[in-house]
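J.: Note that the protein sequences, when read in sequence, are chains A and B.
First residue of the first sequence: 584, per our numbering; consecutive thereafter.
First residue of the second sequence: 584, per our numbering; consecutive thereafter.
A portion of the hints provided could be inaccurate.
Identical copies look the same in the list; a pair holds intra-copy or inter-copy alike.
Distance condition first, Cα-Cα at most 30 Å in a straight line; then the derived DSSO-like pairs of lysine-lysine [as the list claims (entries may be wrong)]: (1) Lys890 to Lys677; (2) Lys884 to Lys743; (3) Lys879 to Lys743; (4) Lys677 to Lys743.
It is worth saying that the hints were derived from the structure and are not from the lab.
Protein chains: 2
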Amino acid sequence: MSLKNDLILRVARGEKTERTPVWLMRQAGRILPEYRTIRNSVSGFKELVETPELAAQVTIQPVDILDVDAAIIFSDILVIPEAMGLTYEMVEKKGPHFPETINSQTDLLKVEVADPDRLGYVYKAIEITKNELNGRVPIIGFAGAPWTIFSYMVEGGGSKTFSKARRLLYTDAGMADQLLEMITESTTGYLKRQIQAGADMVQIFDSWAGVLPPDHYTRFSLRYISKICDAISEVPLTVFAKGAWWAMEEMNKLNCQTVGLDWNMNPEEAKRQLPNKTLQGNLDPCALYGDNDAIKTAVKKMLHTFKGHPYIANLGHGVYPDTDPGKVKYFIQSVKELSLSSSFPQPEAPWQKRVYNKNADNPLIFKSYSR
Amino acid sequence: MSLKNDLILRVARGEKTERTPVWLMRQAGRILPEYRTIRNSVSGFKELVETPELAAQVTIQPVDILDVDAAIIFSDILVIPEAMGLTYEMVEKKGPHFPETINSQTDLLKVEVADPDRLGYVYKAIEITKNELNGRVPIIGFAGAPWTIFSYMVEGGGSKTFSKARRLLYTDAGMADQLLEMITESTTGYLKRQIQAGADMVQIFDSWAGVLPPDHYTRFSLRYISKICDAISEVPLTVFAKGAWWAMEEMNKLNCQTVGLDWNMNPEEAKRQLPNKTLQGNLDPCALYGDNDAIKTAVKKMLHTFKGHPYIANLGHGVYPDTDPGKVKYFIQSVKELSLSSSFPQPEAPWQKRVYNKNADNPLIFKSYSR
Numbered sequence: 584m585s586l587k588n589d590l591i592l593r594v595a596r597g598e599k600t601e602r603t604p605v606w607l608m609r610q611a612g613r614i615l616p617e618y619r620t621i622r623n624s625v626s627g628f629k630e631l632v633e634t635p636e637l638a639a640q641v642t643i644q645p646v647d648i649l650d651v652d653a654a655i656i657f658s659d660i661l662v663i664p665e666a667m668g669l670t671y672e673m674v675e676k677k678g679p680h681f682p683e684t685i686n687s688q689t690d691l692l693k694v695e696v697a698d699p700d701r702l703g704y705v706y707k708a709i710e711i712t713k714n715e716l717n718g719r720v721p722i723i724g725f726a727g728a729p730w731t732i733f734s735y736m737v738e739g740g741g742s743k744t745f746s747k748a749r750r751l752l753y754t755d756a757g758m759a760d761q762l763l764e765m766i767t768e769s770t771t772g773y774l775k776r777q778i779q780a781g782a783d784m785v786q787i788f789d790s791w792a793g794v795l796p797p798d799h800y801t802r803f804s805l806r807y808i809s810k811i812c813d814a815i816s817e818v819p820l821t822v823f824a825k826g827a828w829w830a831m832e833e834m835n836k837l838n839c840q841t842v843g844l845d846w847n848m849n850p851e852e853a854k855r856q857l858p859n860k861t862l863q864g865n866l867d868p869c870a871l872y873g874d875n876d877a878i879k880t881a882v883k884k885m886l887h888t889f890k891g892h893p894y895i896a897n898l899g900h901g902v903y904p905d906t907d908p909g910k911v912k913y914f915i916q917s918v919k920e921l922s923l924s925s926s927f928p929q930p931e932a933p934w935q936k937r938v939y940n941k942n943a944d945n946p947l948i949f950k951s952y953s954r
Numbered sequence: 584m585s586l587k588n589d590l591i592l593r594v595a596r597g598e599k600t601e602r603t604p605v606w607l608m609r610q611a612g613r614i615l616p617e618y619r620t621i622r623n624s625v626s627g628f629k630e631l632v633e634t635p636e637l638a639a640q641v642t643i644q645p646v647d648i649l650d651v652d653a654a655i656i657f658s659d660i661l662v663i664p665e666a667m668g669l670t671y672e673m674v675e676k677k678g679p680h681f682p683e684t685i686n687s688q689t690d691l692l693k694v695e696v697a698d699p700d701r702l703g704y705v706y707k708a709i710e711i712t713k714n715e716l717n718g719r720v721p722i723i724g725f726a727g728a729p730w731t732i733f734s735y736m737v738e739g740g741g742s743k744t745f746s747k748a749r750r751l752l753y754t755d756a757g758m759a760d761q762l763l764e765m766i767t768e769s770t771t772g773y774l775k776r777q778i779q780a781g782a783d784m785v786q787i788f789d790s791w792a793g794v795l796p797p798d799h800y801t802r803f804s805l806r807y808i809s810k811i812c813d814a815i816s817e818v819p820l821t822v823f824a825k826g827a828w829w830a831m832e833e834m835n836k837l838n839c840q841t842v843g844l845d846w847n848m849n850p851e852e853a854k855r856q857l858p859n860k861t862l863q864g865n866l867d868p869c870a871l872y873g874d875n876d877a878i879k880t881a882v883k884k885m886l887h888t889f890k891g892h893p894y895i896a897n898l899g900h901g902v903y904p905d906t907d908p909g910k911v912k913y914f915i916q917s918v919k920e921l922s923l924s925s926s927f928p929q930p931e932a933p934w935q936k937r938v939y940n941k942n943a944d945n946p947l948i949f950k951s952y953s954r
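Isolated chain A (complex conformation) (with noise of 0.2 Å):
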């Protein structure tokens, strides 16, 4: 079926469009009442994960309710440790556990490269969104980056410093290197399912990307991000690596089309350094903690900034659960309707336009493009 608003896809893409689009990172969940009554109505988080239709319902609650341009697939990104043999528990409150950790050559044998079917529940919950929205707004699919996925399978949990899994990269690189390129290879094949059945859009989430040294960062994250690209020419990209502020350039020359931004990374220095690349994100989800004056005066600001460069409007982390639905609606609302004013014109200067061709080696042909 054919999409009725593309707006994030043909941003992504480069092409210039009649306003900004806009979506949030954990739109789907937490910040909504729907949300809840539909959690409760479950003995836990993963059930509701692995229940496609229950999925399905809380993935299109925010394209209902806050008029967002894009669905993203309620999930998480666990789920692959998961099909890997290391199953999770979800802490009410305190975040992911894992009974069982991997910390040694040995533990290796506990794992396995991920059999794709065993994330069919993911792929239904995006068969039914797809067909339930009928093409109103595009669809994302995601997964978290290589680098991130290992730092819960070796930690167990949350941490705030990963060293347990930093310490690994010390002490034996070619056994993290293992495990790294069996999470890739497991990532690149879910991804490749989820976009078959249906995820218009898919973004990868490096969100411990911010623990490691850049030297650590290009060698063991970026370099299978950047695998993951390569593979994935099917529909556009997009990698958000929270913190790795000192991997711009790098990121330039991803096999994506779309980086995402933190709050604290500096606007003008992203364009600078990601010339190739559609931006989103970058507003602090604090922001919407204030009144509407100071959203819309917020979100003029943002839009000022990214004026010129193919952007798509977003927070910088996801948002924050405490956030009031009214203020994100608000939020909303003031990006569709100042980026449709003159003041904020899309993209005018001559843009480097991204062909998208799913059958190039390089999925990346630039051409020069006037507006």
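Starting from the structure of chain A, add chain B where the hints point.
T.: Only chain B this time, still in chain A's reference frame:
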């Protein structure tokens, strides 16, 4: 009494020294079995902090055992909120917890500018340490940066996002400024008393710098750090703002002698953006999990990187609790040996020597100086 080893003070002032000085953040504490013996002899962490004889003992331990070039007084940055009227508990394995927090104008009535006399146990610990060290190495005093202290007072403990603290900057900037001002005044008085008691150098730790967007960092953190820097001219001062890589150019303008670098920061950028500052730190604390050969290689690389710039060797974060003290010793030994060798000369290029003048309005007077 005169100092037998004043390397760190001379490097802080930009003077040429015979080798690179070295110490570790959190060197007094968890990594040493000798510390744990003393820690287990008291009821809790806070009792240790508040007992000057014991605090002095654990302060001196790393000088005896690890052979570092400076002692940092054993204490906690949270003594300031406590002296302001907000008590905290240190929960084993969880971190600090404040039963009461500051979240509104009314809450401000719970606190006042700290009477420096309330922290007599810290000054006493410094005096005992000074006496017992008998000039072997300088003593570093410290305090948290106002923003970091503010974060704890508003949030009530550690947090991944400090979104409650950051929320206030959007919802009640005026109240935030009032609290930050009170913390700044309290901290200035506290540092001055540490110096009177014998601290030869002081360091400001902005542990949660990295959660702020750059414009808020300038507005709500650096602004108050700058006030403290302007008020302290008795001894060299170090500012360590973890995660605030974007603020280097602004930090170069601070009235401080040394800037600390975390392990994410790019040393080349730091040298370029902080030409007037001595630099400190930067090695990934996880590097000490590697074997001795790897540690030596890392030290060589580090000394090579900072060659030609006044530099104090340190990690980019506090040493992690599970680090082998033998590895720490090897690290310290390697810095000392390798920096003595001819391959890693101290700055030779014409360097802007910072003439240290405690009576000048601005303690930093630059003079061209050829080594």
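J.: The structure should be examined with respect to each hint, and the outcome stated for every one.
T.: Cross-check of the supplied hints:
Neither within a single protomer nor between protomers do lysine 890 and lysine 677 lie at most 30 Å apart by alpha-carbon distance, with minima of 40 Å and 45 Å respectively. In the homo-oligomer, the alpha carbons of lysine 884 and lysine 743 lie at most 30 Å apart only across protomers (27 Å), although the nearest pairing inside one protomer, at 32 Å, exceeds that limit. For the homomeric pair lysine 879 and lysine 743, the shortest alpha-carbon distance between copies (27 Å) is at most 30 Å, but the shortest distance inside one copy (34 Å) is not. Taking the shortest alpha-carbon separations for lysine 677 and lysine 743, both the intra-copy value of 13 Å and the inter-copy value of 11 Å come in at or below 30 Å.
Checked against the numbered hints given earlier, the structure breaks only hint 1 and satisfies all the rest.
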